[in-house]
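**Student:** The primary structure of each chain is shown beneath.
Number of protein chains: 2
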Amino acid sequence: MNHLDHVAFAVLDLDQSIDFYEKNFGFKLEYREKLESQGVELAFLALSNTKIELLAALDEESVLNKFLKKRGPGLHHVCYRVDNINYELSRLRHSGFKLIDTEPRPGAHNTLIAFIHPESTGGVLTELCEYQAI
Amino acid sequence: MNHLDHVAFAVLDLDQSIDFYEKNFGFKLEYREKLESQGVELAFLALSNTKIELLAALDEESVLNKFLKKRGPGLHHVCYRVDNINYELSRLRHSGFKLIDTEPRPGAHNTLIAFIHPESTGGVLTELCEYQAI
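Note that the protein sequences, when read in sequence, are chains X and A.
First residue of the first sequence? That's 1 in the working numbering, and the numbers climb one at a time after it.
First residue of the second sequence? That's 1001 in the working numbering, and the numbers climb one at a time after it.
FYI, nobody ran anything at the bench for these hints, they're computed from the structure.
Don't take each hint at face value.
As the list claims (entries may be wrong) - With a cut-off of at most 27 Å between alpha-carbon atoms, the simulated DSSO-like pairs for lysine-lysine come out as follows:
1. X:K69 with A:K1066
2. A:K1070 with X:K98
3. A:K1098 with X:K98
4. A:K1066 with A:K1098
5. X:K51 with X:K98
6. A:K1098 with A:K1069
Just chain X, same shape as in the assembly (with noise of 0.2 Å):
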């Protein structure tokens, strides 16, 4: 577990925000895909070394439109990349971390992935992420 895969922003429009990273910064879209089943909208901009993800809610009961509202737009989250996602998982939850979700899930990209609760890590929402073999 020591390649962070992605940085995850809270945006409140996503073409915007994309079109602001590409202008201003210089990173390139990768990536986007709708999550109906988590009420978000998600693009993945690369960088040399790792991604940017921007997330948007995509309608007003989404979890990301109560952080939004809670919070404003701003860092989200960060996701590490792992080798084997229930084997952390099931060592996370061993050692006493607070999962949000204890058996890994789809995410974008091919890949199974799972919450930490913020409260096991320092108030940073972390996200596992393993990459699936197509």
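Got chain X sorted already, so can you dock chain A onto it with the hints?
**Tutor:** Quick look at chain A alone, frame taken from chain X:
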């Protein structure tokens, strides 16, 4: 500007946080330093592709302490590496960006750094850094 130099977390206790990430996530402490003028003590943890910066306040008056009181510990800022920080600051200023540092100042690790105001970057406190030749 397409390399994420680091992501920074505001923490309450630097030693405890270093220990936490070493023990549970396997990150390695690369470097630590007190920046008395900024009222912070910082530590860099090495990942394979980038770094995590842990930031703790040195005293009550530290700007970081105000952040911690308002938002609690957690995600603090992202930092992109640039080749020419003076050029980037000038470019951004001319594009209407609100800069916290209009001129670069010395950062940790023999760098020149400057912060962009989160009002200009969708709520994401954003740092630029240039590594100086030694």
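**Student:** Each hint: holds or not?
**Tutor:** Now for the hints, and whether the structure bears them out:
no., hint, result
1, X:K69 with A:K1066, "holds (21 Å)"
2, A:K1070 with X:K98, "holds (24 Å)"
3, A:K1098 with X:K98, "violated (39 Å)"
4, A:K1066 with A:K1098, "holds (21 Å)"
5, X:K51 with X:K98, "holds (26 Å)"
6, A:K1098 with A:K1069, "holds (24 Å)"
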